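Trainee: Residue-level listing of the chains:
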Amino acid sequence: MLKGKVSLDVTQLDNFEYDMSKCVKCKGCTWVDHIYMPGVTFSTRCPSATKYLFDSYGAYGKMRIGLAMLEGRLDYSDELLKILYACTLCGACDVGCKRNLDLEIELTLEALRIKAVKDGKGPMPQHKKVAQNILTKYNRFGSPHQNRNKWLPSGIKPADKAEVLYFVGCSAAYTNPEIAQATVKILNAAGTPFMLMPDEWCCGNILYSVGMADEARELAKRNIEAVKKTGAKTLLLSCAEGYRMWKVDYPKLLNISTEDLGFKVVHLVEFVDELIKKGSLKFTKPVNLCLTYHDSCSLSRLSEPWTPWQGERGEWGMVSPTLERRRGTNGVYQPPRDILKAIPGVELIEMIRIRENAFCCGAGRGTKKAFPDFASWAAKHRLEEVKAIGAEAVVATCPWCKENFAQAVKQNGDKLKVFDISELILAAISG
Amino acid sequence: MAISKEAYKGLEVIVGAEYISANPAVCEGYRAGPGGYECGLGYERVMTKIPGCVIMPRTTEEVQKIVQLCNRYKVPFVPYSTGWYGPRSHCHVSDELLVDLKRMNDFEIDEEHLYAVVGPGIIYSQLQEEAMRRGMYIVIGGGGSQVSAIANMIGDGWSPLSYRVGLPHRRILGTELVLPDGELVLMGSLATQDDPFWGEGLGPDLRGLLRGFTGLRGCLGIVTKMAIKLLPFQPERLEPTGISPHTTLELPVNRVKWINFTMPSKDAMRQAMYEMAKAEIGGGVTKVPIFWRAIAKASCKEEYWELWSKESEETISSFHLLRVLLIAFTSEEQMEYEEQVLTDIITEIGGEARRTRPSDESWFKNADSAGMWLMCGGYVSVDYVIETIEHAIPHGENYAKLKRNFTPPLMPDYGDPGWFQSFELGHQGYSEFLVYWNPDEDTDGVDHFYLETSKENIRKRFYTSLLGPHQPLYLTGPAYGPNYHEWLLKVKGEFDPKFVCHPPVPLAHDEFVERAEWMKPMKDWESPEIKPSP
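Chains A and B, in that order, give the protein sequences.
Per the numbering used here, residue 461 is the first one in the first sequence, and the count goes up by one each step.
Per the numbering used here, residue 29 is the first one in the second sequence, and the count goes up by one each step.
So that you can see chain A by itself, here it is in the shape it has in the complex:
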């Protein structure tokens, strides 16, 4: 709506009519912040616009397309669906726009997918299969539900009751057990009792990301209720995608604020960083590596807490009451860096595009499933940057990133090593 009542409800695209109609094509959504512009290489931060090149794949194109959809001027087509879904929803465009214009780009992109689903055109066929897996097997892979806790290493017994609840997530439970195993060993080493969900289900990240808001909302209700029943005060995650889902998208879907969840949502790096700073956890074993850190989007620019808002848009586009914009400024950028710097033997070198300017690995928000070539291209593009700075290894805070990078390294035949940060933390504790 250009004037009148408006909210941040992503299930109504017209909430974002103002945002779609005020894009000025500065392409701040695509370019690295000009202050940090590194030159002619590695100068963009939007994977979709960088790969597909047509303006239509950048947020500036999508805002115009979205407006045409809202006004009924554009019919669905395969190309239109590709434009909507061949996008990692990584938030780079959103922070870029909010440097100058404060338009709600990320929410608009999410709302467009929700509209596509409502209109019976989305999501992509590959997403429907994943959704079916989640709704019937409670994990995105369609693996047997009873195998969900098979990753649990012998010798580690979760508590029946504890303040910390470790939400493992589908990836670490089924395809990247090394992350879950490292996480619980770290908790064990830190003397932190933890419990697991009595019956953990998928967080629903894919459902929400592809526009299946109703299904995601039901899952959110179920999962939140399940956590509340455990009495946990802290929900710990080692998956950045899951972290964002719990911290931002659940509250968004339920029209509550993050703090109203009733428990704190914490990523492993925040938890460990605090332990180190309190002196409760010490790194004693050297990890002799020259490595670089990849900012997983959902831990960094997309991770600021959610506060619901509704109000009025008036003269000059001003809104009231005050809207605290989520601009990515307070993402979790420093804790993982501080952790890596604290590990003896680690030489941390930074990539060219870091923090809010980081280039997404390409895996998340349904991209890898529907557009595997694009996801692979994005990972390889990012790895070029890793190689350009001379790092031996790249470290992420999300199994999605790790998996996508690892596959790209394999396809490339590179010698680069790919780690989740939990593995390095564990190595620094136990050798």
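Since the hints were derived computationally from the structure, they do not count as laboratory data.
Since the model is a prediction, treat every value here as computed from it, not as a measurement.
Worth double-checking, as some hints may not be accurate.
[As the list claims (entries may be wrong)] Here are some chain B residues pointing at chain A (derived, C-beta under 8 Å):
1. W112
2. I271
3. D468
Using N, Cα and C, we set each Cβ at its ideal position, and we do this for glycine too.
Got chain A sorted already, so can you dock chain B onto it with the hints?
Mentor: Structure of chain B alone, referenced to chain A:
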């Protein structure tokens, strides 16, 4: 499909299927508005169309073939680099081919001879970083860091740094231009050798095809490569710092420094500009419009309006903030010397230094033009003039008076007289008049004001850069010539006999006035019923 199957097939063969599309969703992404420079106004609504097809060439040869094919099939086309310059750089007629040049992003830099060779896909902040890394710099035009360096060099291309660096047409070196019929023109020393070092070559100097004071917005061909002169800079790094949106360049203050001065009057500002020029000190000097200060202070749109609503006619008329840039190109001693001279000048005139942040957010690397939309959502510069400082000041004051008649729909700005600055060490003065409006209200008054500024320039004998495609040619041509319009159309006819290159530019604003009902009452000049077209 908007253009014929034969033409499309031919175009596809030139670039490959991956780089051409006539899909409606792809084409919709290239719509000019509704947001953007000059967008939301009548010109955008009446004169722009979405393309019938978009093509992305990689090489000059491909551009030539595309243009030749357009001539063969009579397909109108428009060159497009970043799409920043609002409606005038977008399609104006149905079934037009938009030639998106972003893949043409080749880049070479010659440190020894201080120039870079760029394709139209290279933007200013990329060029500036590459230059600064090697001890050189360039002016990033006020259009912004995000614009194509070539498009801006042939369109506008100035900023406060033009005080020292000079105007853009002096920095265009060897250049490659594909004419509207597909013929390749090599300008400057490229005409005789594979070396773009000289802008001048065998005469006549064809750089006039690219621009006068401003450019022709793509109606005389496509520039596919340009060598741009770079200037030597001081050696210390301007360090990027902060997290978005609070990012900035920390300045090495022993070498680079902005100083803001409160001046007692506008005349004192003028005097300071002249005295600085006589002393040959400074890297830039500009008057700061008060709303820029409000934009810089505000953390959001709502806060901007809170700050702005506290201003009044009185505060605006007594606000005289002079912003001076010092660059110690040669040594730290140069900084000491220039700062002392500057202090003497300002003290003598009665100015006072204010505490100034040792950082740059606006001119060196991040020219923040996008921020101009924060307050209102609608923005255009209705005029920019390069003449003398004596001319620049009354030009702005005059426009401020004129603007009262059109406020609203223009933003209430309490009679702010615009922006002026000193160029080329005081030899020239620059005036730019920026206007803002609410694009969600009736904007006819903005269209009227835009045209009225042109009439005002004619009435008051103000010089103006916005001739050619920016205003009705039959209004401005006889007044600034007296036959400037005839010559421009002759040139257009010579080089674009089929009128396929971005039609109906340079007669687009004439056509807008004819087609927009609300503009017709303003037409008090003669123009032929059937306008000459090549």
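Trainee: Now look at each hint and say whether the structure bears it out.
Mentor: Here is how each hint holds up against the structure:
no.: 1; hint: W112; verdict: 6 Å, holds
no.: 2; hint: I271; verdict: 5 Å, holds
no.: 3; hint: D468; verdict: 5 Å, holds
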